[in-house]
Amino acid sequence: AQSVAQPEDQVNVAEGNPLTVKCTYSVSGNPYLFWYVQYPNRGLQFLLKYITGDNLVKGSYGFEAEFNKSQTSFHLKKPSALVSDSALYFCAVRILGGNNRLAFGKGNQVVVIP
Amino acid sequence: GAGVSQSPSNKVTEKGKDVELRCDPISGHTALYWYRQRLGQGLEFLIYFQGNSAPDKSGLPSDRFSAERTGESVSTLTIQRTQQEDSAVYLCASSLAALRDEQFFGPGTRLTVL
Chain A
85 AQSVAQPEDQ
95 VNVAEGNPLT
105 VKCTYSVSGN
115 PYLFWYVQYP
125 NRGLQFLLKY
135 ITGDNLVKGS
145 YGFEAEFNKS
155 QTSFHLKKPS
165 ALVSDSALYF
175 CAVRILGGNN
185 RLAFGKGNQV
195 VVIP
Chain B
5 GAGVSQSPSN
15 KVTEKGKDVE
25 LRCDPISGHT
35 ALYWYRQRLG
45 QGLEFLIYFQ
55 GNSAPDKSGL
65 PSDRFSAERT
75 GESVSTLTIQ
85 RTQQEDSAVY
95 LCASSLAALR
105 DEQFFGPGTR
115 LTVL
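Residue numbers (the working numbering), protein chains in the order written: chain A, 85 to 198; chain B, 5 to 118.
Since the hints were made in silico from the structure, they are not lab data.
Be careful, since some hints might not be right.
[To be verified] Only pairs whose alpha carbons sit at most 30 Å apart, straight line, appear in this in silico DSS-like list of lysine-lysine:
hint, chain 1, residue 1, chain 2, residue 2
1, A, Lys133, A, Lys153
2, B, Lys61, A, Lys190
3, A, Lys190, B, Lys15
4, A, Lys106, A, Lys133
Next up, chain A with everything else stripped away, as it sits in the complex (with noise of 0.2 Å):
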């Protein structure tokens, strides 16, 4: 089947640090990734995709992902974190054929400490 998996719940990361939340993905063939980032009360907003091409990924609001085919990974980065960033955030895979829906992993609450 394929999926993502998200294996944290929570991020904490202070504010000025590194922030990376981590995805996993198991498909057949190659994947189709995408980041979301839903805020209190709102809808998912796009980050960024990984269709094929460069594995580094460069996304809105300074985000960028790195695609690792060996380790079936694409986690999502930011060099600095802000305040504002602290959300809820989704990976996603396409699911090839059928109806092509995105399957969702269960998201990871990040929270940046002033």
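With chain A held as given, fit chain B onto it using these hints.
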């Protein structure tokens, strides 16, 4: 340009009543998805529309749930005889048809069944 819109933003209903949720996708987006997000959980796929093809209803949790879409525009999700376990945020997303295209989410409808 306008994003995905959903109405109502909040809906409180009594157990056993029917509810109808509306989604207006981004113009030109042929694919439309409905997801359910229960408190503290990830997104659960419900139903998928692609152009004029038959919808993929494989995620609907029971026959009390149904959805329609008029061409490539508005979609409505109907829940009949609501139960307390139906309480959740219902998210709509739309995208272009290609596999590489990200989904754009609406703000969601928060449904509370008393």
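How the hints compare with the structure:
Proposed proximity of Lys133(A) and Lys153(A) is supported: the alpha carbons are some 15 Å apart, at most 30 Å. A C-alpha spacing of about 22 Å is found between Lys61(B) and Lys190(A), which places the hinted pair at or below 30 Å, so the restraint holds. At most 30 Å may separate the alpha-carbon atoms for a hinted pair to count; Lys190(A) and Lys15(B) meet this at roughly 25 Å. Only pairs whose Cα atoms come within 30 Å are accepted, and Lys106(A) paired with Lys133(A) is accepted, the gap being roughly 15 Å.
Going down the numbered hints, you'll see the structure goes against none, and every one checks out.
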